[in-house]
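Quick note: the sequence shown uses the UniProt record's numbering, first residue 1, plus one each step.
Accuracy of the hints is not assured; some may be wrong.
[Stated by the list, open to error] Below, a list of computed lysine-lysine pairs in the DSS-like style, where the Cα atoms sit at most 30 Å apart: (1) K15 / K28; (2) K15 / K174; (3) K174 / K28.
[Stated by the list, open to error] Across the chosen pairs, the derived CB separations fall in these ranges: (4) P64 / W185: 42 to 50 Å; (5) K73 / I135: 26 to 34 Å; (6) G143 / T187: 17 to 25 Å.
Read the hints as simulated data drawn from the structure, not as lab findings. Note that CB positions come from ideal geometry on N, CA and C, so glycine has one too.
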Amino acid sequence: MSLENWTPSNIDLDKAREIAYQRRSANKVRHLHHHAFRCRSAEETRAFYEGLLGFPLVAVCLEPIDPLTNEPKPYLHLYFEIGDGSALAFFDYPSHFKPEDFPQVDQFGHHIAMEVSGGDATIDAYQQKLIAAGIEVLEINHGYCRSIYFYDPNGMRVELATNVAVTERFFADKYQSVDADMAAWNTVRAQHYGSV
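Construct all of the structure, not just a fragment, from the sequences and the given hints.
Here is the structure:
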């Protein structure tokens, strides 16, 4: 996504904030509790998220019984805290996940995106730290945010993003045009792929 198909409006941002507040207040789902993913190794995952990225490991749950089979096959559930209180969670589950289950093949279809504070300086610092650790980093300036993408040791695509000067106006405008944008996509999809 980019700014290519967007013309900034003159929408009153205070009004847009109030609309967003009302919309969010009506939603009973408050925020992400955790995003769970598999891991090859609890120690490797801890070294990456806590050691390299600085996400505190706040809970480690050793579970003795496999809940899918009710058999005594222990597994571990780890929780790394994010600044809003939510978490990235991982399962070290050797009876279910084999080394071949961790390919780095999906560039964008499945990824976890987290917003960082501190703007470009924070993105730059993470990018330098990851590159110094030998991790390939893809940087994309979407226009409405700046992001870096990389894989964790488990093959999960991770995005760290920072908002920019036009972020708030962009999303306020895009909210106003969701129906028109969906209709445009349905036309494009039908032309290129033959179905909606």
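Query raised in the report: Falls inside 42 to 50 Å, the C-beta gap from P64 to W185?
Result: Check passed, 48 Å falls within 42 to 50 Å.
Report task. Verify the proposed pairing of K15 with K174, using a straight-line Cα cut of 30 Å. Result -> Judged against 30 Å, a Cα distance of about 15 Å means the pair holds.
Report task. Look at the Cβ atoms of K73 and I135 and judge whether their distance stays inside 26 to 34 Å. Result -> Holds: the Cβ-Cβ distance is about 32 Å, inside 26 to 34 Å.
Query raised in the report: Are K174 and K28 close enough, with their CA atoms no more than 30 Å apart?
Result: Given that 30 Å is the threshold and the Cα spacing comes to 23 Å, the pair holds.
Requested in this report: Hint says 17 to 25 Å; check whether the CB-CB distance for G143 and T187 agrees.
Outcome: Between G143 and T187, where Cβ atoms are some 23 Å apart, the hint holds.
Query - 30 Å limit on alpha-carbon distance, applied to hinted pair K15 and K28 - result: Measuring from Cα to Cα gives roughly 22 Å; hence the hint holds.
The earlier numbered hints are all upheld by this structure, with none contradicted.
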